[in-house]
Every structure is written in C-alpha cells, then in structure tokens.
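Enquirer: Residues per chain, in single letters:
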Amino acid sequence: MTILALDGVHKSHGRAAGAVQVLRDVSLDIRKGEVCAIVGSSGSGKSTLLSLMGLLDRPDSGRLRFEGEEVGAASADRLAALRNRRIGFVFQSFHLLPRLTALENVALPFLYRGVPPRLGRDRAAAMLERVGLADRLHHRPEEMSGGQRQRVAVARAVVGDPALLLADEPTGNLDSATARQIIDLFFALNADLGVTVALVTHDPAIAARCGRQLVMRDGRLDSAASGAVP
Amino acid sequence: MADGESGGRRWRALAADALRNLGAMRQRSLLALLGIAIGTAAVVALISIGENAREHSMRQFLAMGADILTVQKDFSLSGRPAVLTRADVDRLRALPGVDEVAPLTMLGVEIRQGRTRLPSAVAGVTPEFFALVQAKAAQGRTLTEGDRAATVVVLGAGLARRLAEDGHPPVPGGLLRMGGYNHTVVGVLAGSTPNPVLPLDVDSTAFVPLSGVRRVSANSDITNLVVRKMPGADDRDVRQSMTNHFSGGAHPRPVMVQSARQLIVAMSDQARVHTLLLAAIGGVSLIVGGVGVMNVMLMGVVERRREIGLRMALGARPIDVCAMFLAEALALSLSGGMAGALLGLAAAAVYAWNAGWAFAPSVPSLPLGLGMSSGVGLFFGLYPAMQASRLEPVAALRGE
Ligand SMILES: Nc1ncnc2c1ncn2[C@@H]1O[C@H](COP(=O)(O)OP(=O)(O)O)[C@@H](O)[C@H]1O
Ligand SMILES: [Mg+2]
Numbered sequence: 001m002t003i004l005a006l007d008g009v010h011k012s013h014g015r016a017a018g019a020v021q022v023l024r025d026v027s028l029d030i031r032k033g034e035v036c037a038i039v040g041s042s043g044s045g046k047s048t049l050l051s052l053m054g055l056l057d058r059p060d061s062g063r064l065r066f067e068g069e070e071v072g073a074a075s076a077d078r079l080a081a082l083r084n085r086r087i088g089f090v091f092q093s094f095h096l097l098p099r100l101t102a103l104e105n106v107a108l109p110f111l112y113r114g115v116p117p118r119l120g121r122d123r124a125a126a127m128l129e130r131v132g133l134a135d136r137l138h139h140r141p142e143e144m145s146g147g148q149r150q151r152v153a154v155a156r157a158v159v160g161d162p163a164l165l166l167a168d169e170p171t172g173n174l175d176s177a178t179a180r181q182i183i184d185l186f187f188a189l190n191a192d193l194g195v196t197v198a199l200v201t202h203d204p205a206i207a208a209r210c211g212r213q214l215v216m217r218d219g220r221l222d223s224a225a226s227g228a229v230p
Numbered sequence: 001m002a003d004g005e006s007g008g009r010r011w012r013a014l015a016a017d018a019l020r021n022l023g024a025m026r027q028r029s030l031l032a033l034l035g036i037a038i039g040t041a042a043v044v045a046l047i048s049i050g051e052n053a054r055e056h057s058m059r060q061f062l063a064m065g066a067d068i069l070t071v072q073k074d075f076s077l078s079g080r081p082a083v084l085t086r087a088d089v090d091r092l093r094a095l096p097g098v099d100e101v102a103p104l105t106m107l108g109v110e111i112r113q114g115r116t117r118l119p120s121a122v123a124g125v126t127p128e129f130f131a132l133v134q135a136k137a138a139q140g141r142t143l144t145e146g147d148r149a150a151t152v153v154v155l156g157a158g159l160a161r162r163l164a165e166d167g168h169p170p171v172p173g174g175l176l177r178m179g180g181y182n183h184t185v186v187g188v189l190a191g192s193t194p195n196p197v198l199p200l201d202v203d204s205t206a207f208v209p210l211s212g213v214r215r216v217s218a219n220s221d222i223t224n225l226v227v228r229k230m231p232g233a234d235d236r237d238v239r240q241s242m243t244n245h246f247s248g249g250a251h252p253r254p255v256m257v258q259s260a261r262q263l264i265v266a267m268s269d270q271a272r273v274h275t276l277l278l279a280a281i282g283g284v285s286l287i288v289g290g291v292g293v294m295n296v297m298l299m300g301v302v303e304r305r306r307e308i309g310l311r312m313a314l315g316a317r318p319i320d321v322c323a324m325f326l327a328e329a330l331a332l333s334l335s336g337g338m339a340g341a342l343l344g345l346a347a348a349a350v351y352a353w354n355a356g357w358a359f360a361p362s363v364p365s366l367p368l369g370l371g372m373s374s375g376v377g378l379f380f381g382l383y384p385a386m387q388a389s390r391l392e393p394v395a396a397l398r399g400e
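Chains as they are written, first to last, in the working numbering: chain E, 1 to 230; chain U, 1 to 400.
It should be emphasised that the hints constitute simulated quantities derived from the structure, not laboratory data.
Where hints are given, some of them may not hold.
Computed from the model, here is a short list of chain U residues facing chain E with C-beta under 10 Å [said to hold, decoys possible]:
#1 GLY8
#2 ARG12
#3 LEU14
#4 ALA16
#5 ASP17
#6 VAL302
#7 ARG306
#8 GLY309
#9 ARG311
#10 MET312
#11 ALA313
#12 PRO318
Pairwise CB distance ranges, derived in the manner of DEER restraints [as the list claims (entries may be wrong)]:
#13 E/PRO98 with U/GLY356: 51 to 59 Å
#14 U/ARG12 with E/HIS202: 37 to 45 Å
#15 U/ALA346 with E/ARG78: 49 to 57 Å
#16 U/LEU31 with E/PRO98: 19 to 27 Å
#17 U/GLU303 with E/LEU119: 28 to 36 Å
#18 U/GLU303 with E/ALA19: 28 to 36 Å
#19 U/LEU34 with E/HIS202: 44 to 52 Å
#20 U/GLY8 with E/PRO98: 25 to 33 Å
#21 E/GLU143 with U/GLU303: 19 to 27 Å
#22 U/ASN354 with E/ALA76: 52 to 60 Å
#23 U/GLU303 with E/GLY211: 37 to 45 Å
#24 U/LEU342 with E/HIS202: 57 to 65 Å
Note that beta-carbon positions come from the ideal geometry of N, C-alpha and C, so glycine has one too.
Whenever a hint applies, use it, and build me the whole structure from the sequences.
Expert: Spelled out as structure tokens, the structure:
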C-alpha cells in the first residue's frame, strides 16, 4: 500500500532569473511500513525532496499524494494538520527548543492538537522512556549529549503516532557509535509501531541496512541505481 | 479538528506557552514592559488626578453654596462709569427669588499694629454680609447695626494670624491703626477656604462698617454687591432679572452679574480639557511603549525563525503562530499595564495627598488604562505576529 506518491514533480529554488532547478521530474512511491534511504551527493536535492515529502513545501508542478489525498494545492491549515498528526520529522541539528525540558519538547506536537496538557505530558514521558531517556525527562537540551538530544527529537517525531517518519541526515552530527544507536532506534520503532521511515544519509553502511535506496543525482531520481537492496 | 472543549484547552496551553517564551527574552521584554508601564501609569495617574481635582473643586463649590451671585462694575465698557447705590441694594432685594443683598466697598490699606505695618485688603460691609457668606466669629463677634458709626474692625483668620507674627495676636478689645484712625478689634473670624465666587478672600480681609470706609479712604463708593438667592429660585432667572435691573431704565449701567453656575461650568470645562490633555500625554507614552513592544516582537520573530519553522513542522498553523506572538505581546503589555495601573494610582494618591484633596481611585481609569495597554499590545503586536505567521516552514527552518 502506498503512503506517499510523487508523480512528475518539479521544484526550483530562488526567483525568476536566479531560479535553480533542484528537482526535475521526480516520481516515486513510498510504501507503508518500509524503511527507505535517500542517498546522493551534496546538493543533489535530497533535502528539497524530503521537505516536499513532509509537506513543508509545495511542488512547482507534478502531483503529490499523501495517503491518497492530493495535497499539492491543499491549504496551509490542511498541510499543518497532516504534519501534526501523520508526519514526524527528525533533523540533523535536532531543532529542540533550548528553554524547554526534554518532556516539554516532546509534548510540543500536542499543543497544536488540543490534547489536554497532562495527557500530552504523560504520552511524552512514555515515549521518552521508550527511547531510553526515562531519567532525563526534566533536563534541558544543553544538559544532554548529542545522542541524547537526537533521541529526544526522535521521541518528539513519533510521540503523536505518525504514519510517516522523515529524517534528514539524522546522524550527521553524531559519532559513529551514537549514530548506530539512533539508526537502531529507527528500525526498532519501525518494527514496533509500524511507522514508515524515509531517511537521508551519506553513510553507505546505514543505507545498506535500509530495505530500499533512492539515489538522487543532480535533481533526478536515478532509477537504475535505486531499488530494493538484494 | 479541535472541538469546542479542546479548543478552549488549546488556547490555555497556547497562553502558557506565550508566557514561557517571554521569560526567555527577559531583558528586552523588561524594557518594553517598562515603556508600557510608564504609559499606563501616566494615563491612570493623570485621569485620576484630573478626576480628583474636579471632584475637589466641585465639593468646594457646593460647600460655599451655589446660591451666591455677585454684581461688579464693568470697567471694560467706555462711557459713564457705573455707580452702585444703596437704592440698588433695596431694589435688588425686592426682586423675586432674591433672599439677601449686601453692598461692599473694597480697598487696599496699610494696617498698623504697634510697630507692625501690613498692607491688607479692607472691605466695608453691612452686618448682613457675614451671614450671607456664612462667616462666623471665632473670637468676639461680627459687625452689627449698632456699629454703623463706630470705629471698629473684624479680622479674617488669616490676617489675624499674620498680625500675630510679631508676638501680639490681635484680640477683641485691641487697637489697630488704619487710615489715621485707631480701630477697635471686635472680632476675629473662623478660618474658611477661599470662595471663588466672592470678589474677596474672607480669610485675609479686614472688615469695617460700610459707613466707616470714608475714615480709611477718600473713595468710599460701593464696588460690589453680593447677592444670595432663595434656595428654590433658579439662578438663571435671578441673574436675568438682576441684569435687567441695571440695563433697563433711563441710564443703563455697565455691570457684570456673575453666578456660581458660570464659574462651575467654566471650571469643569477647564478641568475636562486638562484631563483630556493629560490623558493624551499618557497615550503618547503608551504608544512609545507600544513601539517598544513591536520592537521586541520583531526581533523575537527574527531570532526565533528556526523555532517558528520547527513549530510549523510540528503542525502549527499560520494562525497558531500568529496567536503565539499576539499572546506574547498581550502578556507583555498587560503585565506592564497592570504594574503601570498600580503605579499610576499610587502616584495619583501621592499627588492628592500633597494637594490636600480627598483621594478616591478613579474607577474608569483602571479598565481604561488596562484596556489601552492591551489594545496597544495587540495593535503593535499584530504586525510582528503576521510577519511570523507568513513565514514559509522550509525557509524558517533553515533560519533564513
Ligand atoms: N532556498 C534556496 N534557494 C536557492 N537555492 C537553494 C535553496 N535551497 C536549496 N538550494 C539549492 O538546491 C540544491 C539542492 O539543495 P538540497 O536539497 O539542500 O540538497 P542536498 O540536501 O541533497 O544537499 C542545492 O544546489 C542548493 O544550493
Ligand atoms: Mg541536505
């Protein structure tokens, strides 16, 4: 079953004369429950592709369907609601709010759902426990290591029970041992919660662990190189 | 999406979020808060002071009796100088609605008591005058019909106090020298507040019998008439018939007839203008504070682009982001407004205490002050909030 489908998507950055074609005629399907790696050299358009997949940006042309719903021209509020309930993000630089504790950071998505704060905090605490940070609930990001911060970010991404988890170089700022643990966490969550995962990575070892690789080359999807790993 | 109940919870959670965010921008928030506080304090204090001043003068007026009218020669008109006569007194007294009329001659004379020489206002009056202006003797008595030909004087309380400064307080039976005659002090009046309707300040005047004025001055013409109307009579009617008395007949005389009502109207008009002016000054400081709020919020929007992007990625709608910044602006200006309102009331209380007025906190000034500060916060917070809500999630996340 397809959770996300891109069909002939184009995307350029910048205005008019200075516009740069970043994505050219990209078509792909993300299937429910898979773990998919997006690889490619720097500047090939991986982050741009991921932000389109996460409904953070709109394609210039082409079709974008999320869970069967045409979202290329959906309202900003509809996209926000889908991001809030159906999609989780993990970023290379964590993007935690520095003045909030781990618990408050993880509970943040519930703020935009109208979930009672207590219930939100309970679910956030449970998720922090799940990622192995039961003893760090009330620590602020500055009091935690990079690996711990990224765990908080992962907990925040999946606390709302999303269908799709997107990660843009989630291990880019981590040493290899910590990176391993984070990737392990993604696979565990994929197995436990059934969440579909798409992650951008430069690490061939990580890419090799994923069930499928999408290779970006100069704004195009290299379909010859892409595909399921044998 | 959010139903009614969870909508309410959502807003409460957003408000708590706003307060936490403000705490993070402590220093700059404090500056903007100070601006709003000063502006609100100014509005509240100035309105309270203005209101207290108006109440004070009204109370004074009521105390002195709004029943009094005065007649004064009008010098501004050319031609025959007006002459006020004893006949006018009788004619005015006969007018309907007039209760009592007292003629008055005003002079400036040097009073001597032993070695002390004191220039003072002296008024020649008839005995009715004292009852008419409700002046009572603290020592001795006021003037009577029997004093008509006597060389006697009654002293206002303030004048007596000044004469006492050389160590010899004037007492009934003592002597004062005025215009070459020794006048026997027969009474000292009780102290009173100045009555702006009257042409003289009772407290600082020496009173001699009207018929004795020629002993202290060459010119003993009647200069003013003080009139009390009947309690039930309409002062406008009384004033009109008095004016008619002087302007009618073969020889119209230029006089000014004044009533307490005119003074009250003039004074409260003036007080209203003052209050408005002062409130406007407060409003200007509020706007300055509002610009401060806008500044804090705009810098906050720039500094927190990544946070805005992240919140959008987590599902904040543009209106949620807008509400977040508006709530912060509102929280900022409301807390400034509350501090300012208290400060303003305290300032007004100190001012009233200094001026010797009764202090009553102006009731409308509080909601007005708070309303103005939150209005200013919302108004000046709207632009930064709109800026924030219009950010594109991707661009904001990159911190551009
Ligand atoms: N906001 C932008 N304005 C202009 N060019 C951009 C913008 N964002 C990305 N690009 C350009 O688009 C290309 C692809 O960027 P990106 O998707 O970040 O690639 P990757 O993540 O694979 O490194 C790059 O050449 C980059 O310079
Ligand atoms: Mg990238």
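Enquirer: The structure should be examined with respect to each hint, and the outcome stated for every one.
Expert: Against the structure, the hints:
1. GLY8: Holds. Min distance 9 Å.
2. ARG12: Hint on U/ARG12: holds, closest Cβ of chain E at ~8 Å, below 10 Å.
3. LEU14: holds, 7 Å
4. ALA16: holds, 8 Å
5. ASP17: holds, 6 Å
6. VAL302: Given a least distance of 16 Å, the restraint on U/VAL302 is violated.
7. ARG306: holds, 7 Å
8. GLY309: holds, 8 Å
9. ARG311: holds, 7 Å
10. MET312: At about 7 Å, which falls below the 10 Å cut-off, the nearest Cβ of chain E leaves the hint on U/MET312 intact, so it holds.
11. ALA313: Nearest chain E Cβ about 5 Å off; hint holds.
12. PRO318: holds, 6 Å
13. E/PRO98 with U/GLY356: 51 to 59 Å: At 56 Å between Cβs, range holds.
14. U/ARG12 with E/HIS202: 37 to 45 Å: holds, 44 Å
15. U/ALA346 with E/ARG78: 49 to 57 Å: holds, 52 Å
16. U/LEU31 with E/PRO98: 19 to 27 Å: Holds, since U/LEU31 and E/PRO98 (Cβ atoms, about 22 Å apart) stay within the stated range.
17. U/GLU303 with E/LEU119: 28 to 36 Å: At roughly 31 Å between Cβ atoms, E/LEU119 and U/GLU303 fall inside 28 to 36 Å, so the hint holds.
18. U/GLU303 with E/ALA19: 28 to 36 Å: holds, 29 Å
19. U/LEU34 with E/HIS202: 44 to 52 Å: holds, 50 Å
20. U/GLY8 with E/PRO98: 25 to 33 Å: holds, 29 Å
21. E/GLU143 with U/GLU303: 19 to 27 Å: For U/GLU303 against E/GLU143, whose Cβ atoms are near 22 Å apart, the range 19 to 27 Å holds.
22. U/ASN354 with E/ALA76: 52 to 60 Å: holds, 58 Å
23. U/GLU303 with E/GLY211: 37 to 45 Å: holds, 41 Å
24. U/LEU342 with E/HIS202: 57 to 65 Å: The hinted range 57 to 65 Å holds for U/LEU342 and E/HIS202, with Cβ atoms some 59 Å apart.
Of the hints listed earlier, the one the structure fails to meet is number 6.
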